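Undergrad: Throw the hints in and build the complete structure from the sequences for me.
One line per chain: the protein sequences are E and R, in this order.
For the first sequence, counting from 1, position 358 maps to 358 in the working numbering; every step adds exactly one.
For the second sequence, counting from 1, position 84 maps to 900 in the working numbering; every step adds exactly one.
Hints were generated in silico from the structure; no laboratory data involved.
Since this is a predicted model, take the numbers as computed values, not measurements.
All C-beta atoms, glycine included, are put in the ideal place defined by N, C-alpha and C.
Don't take each hint at face value.
Stated by the list, open to error - Computed beta-carbon distance windows for the label pairs: (1) Ser-855(R) with Glu-359(E): 46 to 52 Å; (2) Ser-855(R) with Asp-383(E): 44 to 50 Å; (3) Glu-494(E) with Arg-917(R): 42 to 48 Å; (4) His-121(E) with Asp-856(R): 50 to 56 Å.
To be verified - If the Cβ cut is set under 10 Å, some of the chain R residues that face chain E in the computed set are: (5) Val-825; (6) Leu-830; (7) Pro-834; (8) Arg-836; (9) Thr-843; (10) Ser-855; (11) Asp-856; (12) Asp-862; (13) Gln-874; (14) Ile-876; (15) Val-877; (16) Ser-888.
To be verified - In silico lysine-lysine, BS3-like type, Cα no more than 25 Å apart, as pairs: (17) Lys-596(E) with Lys-560(E); (18) Lys-560(E) with Lys-912(R); (19) Lys-798(E) with Lys-842(R); (20) Lys-912(R) with Lys-589(E).
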Amino acid sequence: MSRKKLVIIGNGMAPGRVLDHLFETAPGHYDVTIFNAEPRVNYDRIMLSPVLSGEKSYEDIIIHDDAWYHRHGVTLHRGKRVNEIDRDNKRVIADDGTTATYDQLLIATGSSPFIIPVPGHDLPGVLAYRDIDDVEAMLAASKTGGRAVVIGGGLLGLEVAAGLKQQGMEVTVIHLAPTLMERQLDEPAGHLLKREIERRGIEVHVEANTKEILGTDHVESVKLEDGTEIEASLVCMAVGIRPNVQLAKDAGLEIERGIVVGDDMRTSDPDIFAVGECAQHRGQCYGLVAPLYAMAKVVAGQLGDDRDAHYSGSQVSTKLKVTGVDLFSAGDFQNGEGREEVVLRDAAKGIYKRLVLEENRVIGAVFYGDTADSAWFFQHIKDGTDVEDYRDTLIFGPAYANGGAVDPMAAVAALPGDAEICGCNGVCKSRIQETITSEGLTTLDDVRAHTKASASCGSCTGLVEQLLALTLGDAFDPNAKKPVCPCTDLGHDEVRRLIVAGELKTITDVMQQLEWKTSCGCAKCRPAINYYLVCAWPGEYRDDGQSRFINERVHANIQKDGTYSVVPRMWGGMTSPNELRAIADVADKYDIPTVKVTGGQRIDLLGVKKEDLREVWGDLNQAGLVSGHAYAKGLRTVKTCVGQEWCRFGTQDSTGLGIKLERFLWGAWSPHKIKLGVSGCPRNCAEATCKDIGVVCVDSGYEIHFAGAAGMHVKGTEKLCTLETEAEVIEYIGGLVQMYREQAWYLDRIYKWADKVGIEHIRETLEDPAQRKAYCDRFVYSQQFMQEDPWAQRVAGKDAHEFEPLTLNRQMEPAE
Amino acid sequence: MSGPETFWVEVCSLDDIPARGSRILKTEAGCIAVFRTASDEVYALDDRCPHMDGPLSQGIVHGHTVTCPLHSLVLDLKTGAACGPDEGQAITYPAKVLDGRVNLDLKKLRR
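TA: Take a look at the structure:
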């Protein structure tokens, strides 16, 4: 049997999904040819907002990469626009003359953003929000700052506004209606949303009509009907979309607003299908992903000879993809005769919930601030469930529906098997549970990989995790993605990424924007966040002492009896009679009971009373001694051997290099402590090959090692590279330390970080001179803010409250 | 053995204690840790962790709790009790802020 020819015009998400289904259910039936006017593969358009806000990159949102097309033998014509369908000869013709004949044709031309034809709409700087080119243009424009005006306060407009704000622009939203997202939200919810958007520093003008866009060779401002003029370096129109029907119209197919299709998704020509935003089904055109995917499934069924496959329309629900805004709406929520409403408001928490009922059935729902139960209510709308029996408690959700106790699992447990969990991909509860069981899945990523649930917009992630817990019981370990601590569900990598992407610059900001579950964190997350901010914003972020462990707060090591130990720095392990005399003097003067030589080649004064710390430091400072950071997650020591100056085997000046490295690296806060060793020959007397970073001098230069440890775990180092000069050694190590500082989880030593990201990855990154230099440059920049002796600062009066106890007046002392 | 019901003493101004931090009050009968939370409530506990006498004043303050610097026991500042699976009880002293000044009831110190 010769294969039939399927030609597809358009390469968006809907046809991509058609092919996914088709290759799964009817492999080998068709030779597929795709014409794509965009020069790209198929990517996830609903993820454009996270790309704009910096939370994802283009590579992250690709659905089908080149290999996929190759694997399935799909011919993809990129950048070729079809401008004629020749139905008589069953072929299509592209603008460059390429033709393809078809047995079956699928039109998936999508839609175009609607551009309001006001004067100035064609000025450079006026953009739509449709594809990755638009996003890239906006990202480029946002680099220079200035103000962006977003015309349209609907779903897309608000996502764009939030994204541009995250990129550091001033943003104004202009909206024609009196409330935001008026098609999806009622007035109270629209009001709460407006307040939240404004709280984020985005200006909102409602009931504002754009009159014209002003500018000579680039947009300069936007003028409203009422005369208001708003300066703008960028204008984004997000006022709606229009199905692309011209091609179908020219071919003589039946057209209304979109290309008219029947329940079998065929157009007026039975060999031609239409799918996605260009199609009109039972009078409806859809712009959300869930209906498009439902249509795609039917198209694939029909193409695969399942003549019964049919589409009967979709109930749609809406969620806004702006981090930290919880809103949900579905169905019809207008008031009317025979309709009743149930409303729950919690002003303090900013929660608003409204259900619209007709004949004891939920027909519409609007939630703001708490959308946890939205899947349950949406199911009610779709099923038309009679709620008479539990109408009184309906609004409190499934936990109360059967009079049962409040159990976070109750909501999801109460859902029927055919309840839709993932709206984007149309995955129901039973499908997820069955797949978990049959495939032995244990993690969220597994479920995403096998069912696509939660793999698109991610708003159902919580539900999917609950299903995992429900199905696996104790065998489900949600920590497979390790949260930083119980105050958050986010892992260290996510927190670090979001701090940078969202330009979060205070601990309060981080906790607010990333939705911390506790009011001020805990002893685990606060030090981690504090470090991540120190690292991300050198010179800008003000270190929060109260979020540091006591040792780093008072720059000494607390001992079991509440006294402290003091370790002055001895650069490269070198000292002098003068320094030793000063140490002996303070030991005498302050009755310091124990003086010990440490493993890092310096001297530890143990048993110092807290009140004496500043005086001890003052005396040590006088002799030129500074803090050795023996308490710090930062550079501890650089252990050296005597090297070529004295040793008969020494090949290089290991002591001198050690001193240079210590002077270069000291003071930099890092995820955990860093210990270095520099040995003058492969006999390795400085034990460099079990350090975080080690240098072993050889005749021809320097071997750089890293990722060793000699603590709870003993681990030899990995070799990074061999270098010829000291200058190269310093640049390489500066680059390595900065890479570690920017990437590692708080409290991971270098070896643990290397385990996670891969030794080879670190090696390759640092081998690239440009990347190495960039890392090292950032380290050098950061160091200018770090290298001040913390002891001298405190002797001069900093943080005095840490060192001075409160006392009572004599007469206040309690009597015997 | 009898005496006044309370013995309120003014120890410092609220601003002398960093938010989410503490100060040590030295008395002849031992040290008291005086805490200030993020929301400006003040609490006073004996500066000795019930676990192994760690100086609580040196811990990290979060919410209404402090984490002991020695072995990370978490204590409730309101009750002095150890949180979660741990057990232990630190001595607490009533504390309040009047006109920006921190007052402690030190009756328990008088024996």
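Undergrad: Between Ser-855(R) and Asp-383(E), is the Cβ distance one that fits in 44 to 50 Å?
TA: holds (46 Å)
Undergrad: Verify the CB-CB distance for Ser-855(R) and Glu-359(E) against the hinted window 46 to 52 Å.
TA: Holds, since Ser-855(R) and Glu-359(E) (Cβ atoms, about 49 Å apart) stay within the stated range.
Undergrad: Given a cut of 10 Å on the nearest C-beta pair, is the interface hint for Thr-843(R) held or broken against chain E?
TA: Given a least distance of 6 Å, the restraint on Thr-843(R) holds.
Undergrad: Please check whether Ile-876(R) passes as an interface residue: C-beta within 10 Å of a C-beta belonging to chain E.
TA: This hint holds: Ile-876(R) lies near chain E, its Cβ roughly 4 Å from the closest one there, short of 10 Å.
Undergrad: Sort out whether Lys-589(E) lies within 25 Å of Lys-912(R), counting only the CA atoms.
TA: violated (40 Å)
Undergrad: Next item in the hint list is Val-825(R). Is there a CB on chain E closer than 10 Å to its CB?
TA: holds (5 Å)
Undergrad: Verify the interface restraint on Ser-888(R): the C-beta must sit less than 10 Å from at least one C-beta of chain E.
TA: holds (7 Å)
Undergrad: CB of Glu-494(E) to CB of Arg-917(R), is that within 42 to 48 Å?
TA: holds (44 Å)
Undergrad: Between Lys-560(E) and Lys-912(R), is the straight-line Cα distance small enough, at 25 Å or below?
TA: Measuring from Cα to Cα gives roughly 31 Å; hence the hint is violated.
Undergrad: Given Asp-862(R) was flagged as interface, is its beta-carbon under 10 Å from a beta-carbon of chain E?
TA: Violated, about 13 Å.
Undergrad: Pro-834(R) was flagged as interface toward chain E. Is the shortest Cβ-Cβ separation under 10 Å?
TA: holds (6 Å)
Undergrad: Was the hint right that Asp-856(R) lines chain E, CB cutoff 10 Å?
TA: violated (12 Å)
Violated hints, in rising order: 6, 11, 12, 18 and 20; the structure is consistent with all others.
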